[in-house]
Amino acid sequence: SEEGYPWVRGHLLSHIDERETEENNVTVFGTYKIYCSDRDSHHGKSELENMCENIELSRVAVVVLSNSYTQKHLHTVELEHLLYSKDISVIQDIVIIMIEDLKFKQIPAVLHHQIKQDKFLRWEADETKEKKFYRFDEIS
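Here the sequence shown is numbered in UniProt numbering, starting from 1 and rising by one per residue.
Calculated from the structure, these hints are not laboratory results. Keep in mind that the hints are not guaranteed to be accurate.
Cross-link-like lysine-lysine pairs, in silico, BS3-like; alpha carbons within 25 Å at most [as the list claims (entries may be wrong)]:
#: 1; residue 1: Lys103; residue 2: Lys72
#: 2; residue 1: Lys72; residue 2: Lys116
#: 3; residue 1: Lys105; residue 2: Lys86
#: 4; residue 1: Lys86; residue 2: Lys116
#: 5; residue 1: Lys119; residue 2: Lys105
#: 6; residue 1: Lys86; residue 2: Lys72
#: 7; residue 1: Lys105; residue 2: Lys116
#: 8; residue 1: Lys103; residue 2: Lys119
#: 9; residue 1: Lys45; residue 2: Lys103
#: 10; residue 1: Lys72; residue 2: Lys45
#: 11; residue 1: Lys72; residue 2: Lys105
#: 12; residue 1: Lys72; residue 2: Lys119
#: 13; residue 1: Lys119; residue 2: Lys86
#: 14; residue 1: Lys103; residue 2: Lys116
All values derive from a computational prediction rather than experimental measurement.
Full structure from sequences and hints, please.
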C-alpha cells in the first residue's frame, strides 16, 4: 500500500532489489528483481491487471503486511490470487513480512492458516536481527 511504501523502499528495495537508480542511472544488482506497484505499474492498466500480470511473472511473492495493507479490499483479492497461484505452481513461494503488530482479527482471513502455523517473518528494528532478516530467502 502507499502508506507502507517508505518501509518497502528503505528496508526491502534498498537491500535486495535489482534496479536502476533514478538519481544517477546506476544499476544496482540485488538478489531479486522486485515489482513494486507504486514504482513499476503500467499506466493505462488497472491496479488489478497490473497485480495479476506481475504475480504470474513471479517466482516468489513478498507480502508486506501492515495495518494499512490489511484495510484495502483489493489486497485481499491479491492475497487470494497469490495463494491460488502457489497452489497451482505458478509461483514457488509466498514470503509474508509483518512490519507492525497486528491483532489476529486485523489479518485477512485468507492468511489465518499461515499465521497460525507461524509461516511469516516479523520485522524487528534491531541491527543484528535485520542482518538475519535480509537472508529470508534462505528460509523460504
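Comparing the hints with the structure gives:
no., hint, verdict
1, Lys103 with Lys72, "holds, 16 Å"
2, Lys72 with Lys116, "holds, 22 Å"
3, Lys105 with Lys86, "holds, 24 Å"
4, Lys86 with Lys116, "holds, 18 Å"
5, Lys119 with Lys105, "holds, 17 Å"
6, Lys86 with Lys72, "holds, 22 Å"
7, Lys105 with Lys116, "holds, 12 Å"
8, Lys103 with Lys119, "holds, 16 Å"
9, Lys45 with Lys103, "violated, 34 Å"
10, Lys72 with Lys45, "holds, 19 Å"
11, Lys72 with Lys105, "holds, 15 Å"
12, Lys72 with Lys119, "holds, 22 Å"
13, Lys119 with Lys86, "holds, 14 Å"
14, Lys103 with Lys116, "holds, 12 Å"
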